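Sequences are here, hints too, so could you generate the full structure?
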Amino acid sequence: MEAAVEKIIQMQGYKLHVIKTDKFKTNTIVWRMKAPLTKEDVTKRALLPHVLQSNTANHPTTAGLRSYLDDLYGATLFVDLAKKGEYHIMSFYVEMANEKFLSDPTPLLKKGLELLSEILTNPNVKGNGFDPQTVEMEKRTLKQRIQSIYDDKMRYSNARLIEEMCKDEPYALQVNGNAEDVDAITPENLYEYYQKAFAEDELDLYVIGDVNEAEVKSILSGLLQFADRTPKKITVGEYQRDSDVKEIKEQQNVKQGKLNIGYRTNIVYGDPDYFALQVFNGIFGGFSHSKLFINVREKASLAYYAASRLESHKGIMMVMSGIDNKNYDQAVGIIKDQLEAMKKGDFTDQEFEQTKAVIQNQILETVDTARGLLEILYHNVVAGTKIDVETWLQEMQKTTREEIIEVANKIKMDTIYFLTGMEAGN
Amino acid sequence: MDKITFDQLQEELYHEKLPNGLDVYILPKKSFNKTYATFTTKYGSVDNTFIPFGKQDYVTVPDGIAHFLEHKLFEKEDGDVFQQFSQQGASANAFTSFTRTAYLFSSTAEVEKNLETLIDFVQSPYFSEKTVEKEKGIIGQEITMYDDNPDWRLYFGLIGSLYHHHPVKIDIAGTIESISHITKDLLYECYHTFYHPSNMLLFVVGPVDPDQIMNQVKENQAKKNYKDMPEIKRKFEEEPDSVAEKKTVLPMNVQTSKCMLGIKGIHIQQYGEEMLKNELSMNILLELLFGKSSENYNQLYNEGLVDDTFSFDYTQEQGFGFAMVGGDTSDPDQLAERLETILLDAKNSLAFTEEQLERTKKKKIGAFLRAINSPEYIANQFTRYTFNEMNLFDVVPCLEKITLNDIQKLAQEVIAEERIAICQVIPQNK
Chain W
1 MEAAVEKIIQ MQGYKLHVIK TDKFKTNTIV WRMKAPLTKE DVTKRALLPH VLQSNTANHP
61 TTAGLRSYLD DLYGATLFVD LAKKGEYHIM SFYVEMANEK FLSDPTPLLK KGLELLSEIL
121 TNPNVKGNGF DPQTVEMEKR TLKQRIQSIY DDKMRYSNAR LIEEMCKDEP YALQVNGNAE
181 DVDAITPENL YEYYQKAFAE DELDLYVIGD VNEAEVKSIL SGLLQFADRT PKKITVGEYQ
241 RDSDVKEIKE QQNVKQGKLN IGYRTNIVYG DPDYFALQVF NGIFGGFSHS KLFINVREKA
301 SLAYYAASRL ESHKGIMMVM SGIDNKNYDQ AVGIIKDQLE AMKKGDFTDQ EFEQTKAVIQ
361 NQILETVDTA RGLLEILYHN VVAGTKIDVE TWLQEMQKTT REEIIEVANK IKMDTIYFLT
421 GMEAGN
Chain R
1 MDKITFDQLQ EELYHEKLPN GLDVYILPKK SFNKTYATFT TKYGSVDNTF IPFGKQDYVT
61 VPDGIAHFLE HKLFEKEDGD VFQQFSQQGA SANAFTSFTR TAYLFSSTAE VEKNLETLID
121 FVQSPYFSEK TVEKEKGIIG QEITMYDDNP DWRLYFGLIG SLYHHHPVKI DIAGTIESIS
181 HITKDLLYEC YHTFYHPSNM LLFVVGPVDP DQIMNQVKEN QAKKNYKDMP EIKRKFEEEP
241 DSVAEKKTVL PMNVQTSKCM LGIKGIHIQQ YGEEMLKNEL SMNILLELLF GKSSENYNQL
301 YNEGLVDDTF SFDYTQEQGF GFAMVGGDTS DPDQLAERLE TILLDAKNSL AFTEEQLERT
361 KKKKIGAFLR AINSPEYIAN QFTRYTFNEM NLFDVVPCLE KITLNDIQKL AQEVIAEERI
421 AICQVIPQNK
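Just so you know, the sequences run in chain order W and R. For the first sequence, full-length UniProt numbering begins at 1 and goes up steadily by one. For the second sequence, full-length UniProt numbering begins at 1 and goes up steadily by one.
Honestly, the hints are just simulated from the structure, not real lab data. Nothing here was measured: the structure is a model prediction, and the numbers come from that model. Please note that the accuracy of each hint is not assured.
Dumping the calculated SDA-like pairs for lysine to any residue here, alpha-carbon to alpha-carbon at most 25 angstroms [claimed, not checked]: (1) K136(R) / S288(W); (2) K30(R) / K398(W); (3) K398(W) / V396(R); (4) K23(W) / V396(R); (5) K29(R) / K398(W); (6) K255(W) / N253(R).
Pulled from the structure, derived: some chain W residues nowhere near chain R, Cβ distances all over 12 angstroms [claimed, not checked]: (7) K167; (8) Y194; (9) D273; (10) E351; (11) G384; (12) E406; (13) N409.
Partner residues are not named here, just some residues of chain W that face chain R (Cβ under 8 angstroms, in silico) [what the hints assert, rightly or not]: (14) D22; (15) A97; (16) F101; (17) D151; (18) N295; (19) R297; (20) Q354; (21) L364; (22) E365.
Beta carbons: idealized from backbone N, C-alpha and C, even for Gly.
So this is what it looks like as structure tokens:
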């Protein structure tokens, strides 16, 4: 087994994480900025990375910037937004070929880091704000991005579930912000927010590939420097619905009904029973040998997919399945029975061991990709923990049947959301 | 066993053709945890008219049967092979494309056992009327799921506009109606025609010892009594050069319109190096015309006609090929018109410089290196290339040889009004 060694170095205003590995033909650089999820900032944060990656002071047009990337052997540059618990995270990704696999010795890593620095710290500014035309275009695209959720019924029903379930919690906010808040953003107030984010966010830079740590450090010390800060911490509260399970049905012209059920686990990354929760989820609905897949799909033939997924920093679990409208009661009944079975310890030693083996396999496979490795390591930044991949696996393997049953008994169904077709059968 | 070394990429590939015709390839990746193996037959959704093994006459089988077979192969008399893989710590999967059906697993432990399971389950079909009926419910839900997916509908809507007869226009999973005609006997007939080792390829990539893997596979195959197989006879109707429908509009439950333009490919009877060159040239042409650094893309983006869902792609296999360009748009008709104009202008006067071509090649070389980080990409694409008598590892040298003249010539040949079709998804209440 090869687990990656992460070297963490405190730089001026940010942490540098270097993971040296010879697995890849490319080097990956990821810049992350983390702040509490708030209604006030979420839409600006959803827009900001897209404006920054459009162009810079030295590459004032997108076509020019993209041509420069093409010249660097097709270096890729993209940004994304994520919600991890009640934090909002902006990410900037740059990936380029490792020049040792090319006949041309251009120092691509150095150029990649310089470009990232240019994008972060030398934006295309006009007066007191960003270039107005760029902001206008990216506002338009952001609105389209927010609207596009509606057209992907799987994403839509999942988003609706969260919206209903976490109604008065920050977690209900959409990762791309609110369409109605986009118009109020101006080149000036976005630039102001940009300065605030770089002054207050928790900043992390990951460099993954066959790189030399000292070299990376020396390139960076001349490039990126920010003020010291104490990042804001959030404690996710314990939520428990007082009333009965909330049930929401929505009708649209769809052929397949989308069933999404939300549960409170109230267990987050870093909690002692987090690893038992992972194993619980594996037996319950994480894999093709899990209870949901076997009972909803294989035995009852109701669905093509039926699975459960954890949100590690919010303490919730989501079940999703696509079913015929008329099978709603039967599917919900089967799903409820599976959780009851878990609570009673109604799972075999084989299911238990098999699940651990598959999770072990999944984690080891995940760290075979730069992106997967990054996601696993970044949990530590969000949760303020120091769990390396090896420890993660050991703790997961150590969990007992009793711990799984205990976890099952903590889990409470919260909200059922069903997107149903027009000729609903119930 | 042959060994092929790729110095610049620092990779080694091992190959042997076994006596029963099975091609086995092994690519060691020392520092990876994961071993990934694919066992693929050259049989996909387009192979719907053929002479079944042991028969004289052509038959046409129900749409979606290759995909149905893929699902059913996992089920055995004593249960489900998925279970066995996960007991061995592996995750297994399969997929059916237009021209291939692939079975695969990935695992970080018990590789030998998992490899044995993979080969054995694919080579021991067990179909019963009862389980075939049950699967119709599950695949029915898979089909309805795709019916609600606008991007999927757009994709097949466009292929349907481009092609008159070729079975590439048929949805890979078929329809609820077509799969209702599938029986266990039909599944066996397809299986015995297309799953002979001489029509298959096994690819293993990961931290493995090539000698050990090759010996294991040889021993496994030596135990099975495969008779020599006559050449498989497939039949395709004559397909006109021109498109079937100039424009198809699909009203759906969406808020954002989508528009995709398709070009019917040429030189689709090619194999080997010629095909590789044609495919790469097509990709370069599209990149020059519509890539993120292109003038066209930036103009369309600035005008608000496209957003970051805009994409383009070229697909080519034996007997069919198509390029697709488009994405979400505020004005599907305007975008269709603009895309077509850009293409027709390029046909007449392709105005690119050597510098732009070199830059595009560099981009493609970087993309190739990025792609081969992935064991999945290597195994799946290598198989596809080999079935078309091309070599995945020839991509970079072949790219380097392409000239502006090649691109100009291709643009003149492939771009033509009658080879272009449009498909749009629009909000249904409009």
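Outcome of the hint check:
1. K136(R) / S288(W): Given that 25 angstroms is the threshold and the Cα spacing comes to 18 angstroms, the pair holds.
2. K30(R) / K398(W): 29 angstroms, violated
3. K398(W) / V396(R): Violated, because 48 angstroms separates the two Cα atoms, which is more than 25 angstroms.
4. K23(W) / V396(R): 20 angstroms, holds
5. K29(R) / K398(W): Violated: K29(R) and K398(W) sit about 30 angstroms apart, past 25 angstroms.
6. K255(W) / N253(R): At roughly 10 angstroms apart (the allowed maximum being 25 angstroms), N253(R) and K255(W) satisfy the hint.
7. K167: 23 angstroms, holds
8. Y194: Given a closest Cβ separation of 20 angstroms, the condition holds.
9. D273: Per Cβ check, D273(W) is outside 12 angstroms of chain R; nearest 24 angstroms; holds.
10. E351: 10 angstroms, violated
11. G384: 27 angstroms, holds
12. E406: 24 angstroms, holds
13. N409: The assertion about N409(W) holds, with a minimum of 25 angstroms to chain R.
14. D22: 5 angstroms, holds
15. A97: A97(W) check passes; min Cβ-Cβ to chain R is 5 angstroms, inside 8 angstroms.
16. F101: 6 angstroms, holds
17. D151: Holds. Min distance 4 angstroms.
18. N295: Since the shortest Cβ distance to chain R is 13 angstroms, the answer is violated.
19. R297: 6 angstroms, holds
20. Q354: 5 angstroms, holds
21. L364: 4 angstroms, holds
22. E365: 5 angstroms, holds
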